[in-house]
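A.B. asks: One letter stands for each residue in the lines below.
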Amino acid sequence: AQKVTQAQTEISVVEKEDVTLDCVYETRDTTYYLFWYKQPPSGELVFLIRRNSFDEQNEISGRYSWNFQKSTSSFNFTITASQVVDSAVYFCALSDPSDETSGSRLTFGEGTQLTVNP
Amino acid sequence: EAQVTQNPRYLITVTGKKLTVTCSQNMNHEYMSWYRQDPGLGLRQIYYSMNVEVTDKGDVPEGYKVSRKEKRNFPLILESPSPNQTSLYFCASSYLAGVSTDTQYFGPGTRLTVL
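Protein chains in written order, with our numbering: chain L, 8 to 125; chain F, 306 to 420.
No lab work stands behind these hints: they were computed from the structure. Mixed in with the good hints, there may be bad ones.
As the list claims (entries may be wrong) - Here are a few chain L residues that face chain F, going by a calculated C-beta distance under 8 Å:
#, residue
1, Y32
2, G50
3, L52
4, G69
5, R112
Quick caveat, the model's predicted, so the values are computed rather than measured. Note that beta-carbon positions come from the ideal geometry of N, C-alpha and C, so glycine has one too.
Just chain L, same shape as in the assembly:
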């Protein structure tokens, strides 16, 4: 069975600090996808990134960067120079496309509430 763990329930930082959100996953499969979604206070889910299990290159998009380490089953998300607008709940998710019984559902972590204070 798949599992995603986000051990940090809440993180509070001051604006301009860097912050890393941890994500650890479990799966028996060699082919899978990892995702990060952002849920701002307004409630919608915003897609941030999708990573294939065969692609271990780190990715940077503006102030966001992702560190995928297959050896430790982790897919951590770093926000550099955080801003108040980054305040949101962030979800890490796992999808196993080879499992025909799962309908390629996303297995979500519990989410990390990030609060960026001015």
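Dock chain F against the given chain L, drawing on the hints supplied.
C.D. replies: Just chain F now, with coordinates in the frame of chain L:
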């Protein structure tokens, strides 16, 4: 604009009163699914559909029904809602290639309260 829409966005109802939450997508996606979000549990899949007239149970299907009569619509039906179905509900859709889905895009959410 490509989007997933849900209605209503907010609903307060009473135990046992049948309700339907609609979901529609305009991206011609084959795959659609419903999730519920509860504190400390993240999101869990209720039902999914690979295509028209093809639906299947997710992780928490009890107390829910779905139908997929048209490609763009995937309503969630609660025949006899109970207070433990109070939750935030999300519809999602994506392209489907074989059994692999592309990135799932989510609707704005429906906050349901069952008294």
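A.B. asks: Does the CB of G69(L) sit less than 8 Å away from some CB of chain F?
C.D. replies: Since chain F brings no Cβ nearer than about 19 Å to G69(L), farther than 8 Å, the hint is violated.
A.B. asks: Are G50(L) and chain F close enough, Cβ to Cβ, to be under 8 Å, as the hint says?
C.D. replies: With a closest approach of 5 Å, the G50(L) hint holds.
A.B. asks: Against chain F, is L52(L) within 8 Å by beta-carbon distance?
C.D. replies: 4 Å, holds
A.B. asks: Quick check on the hint: R112(L) CB to chain F CB, less than 8 Å?
C.D. replies: 4 Å, holds
A.B. asks: Against chain F, is Y32(L) within 8 Å by beta-carbon distance?
C.D. replies: With Cβ-Cβ at 13 Å, over 8 Å, it is violated.
The structure fails to meet hints 1, 4 from the earlier list, while all remaining hints are met.
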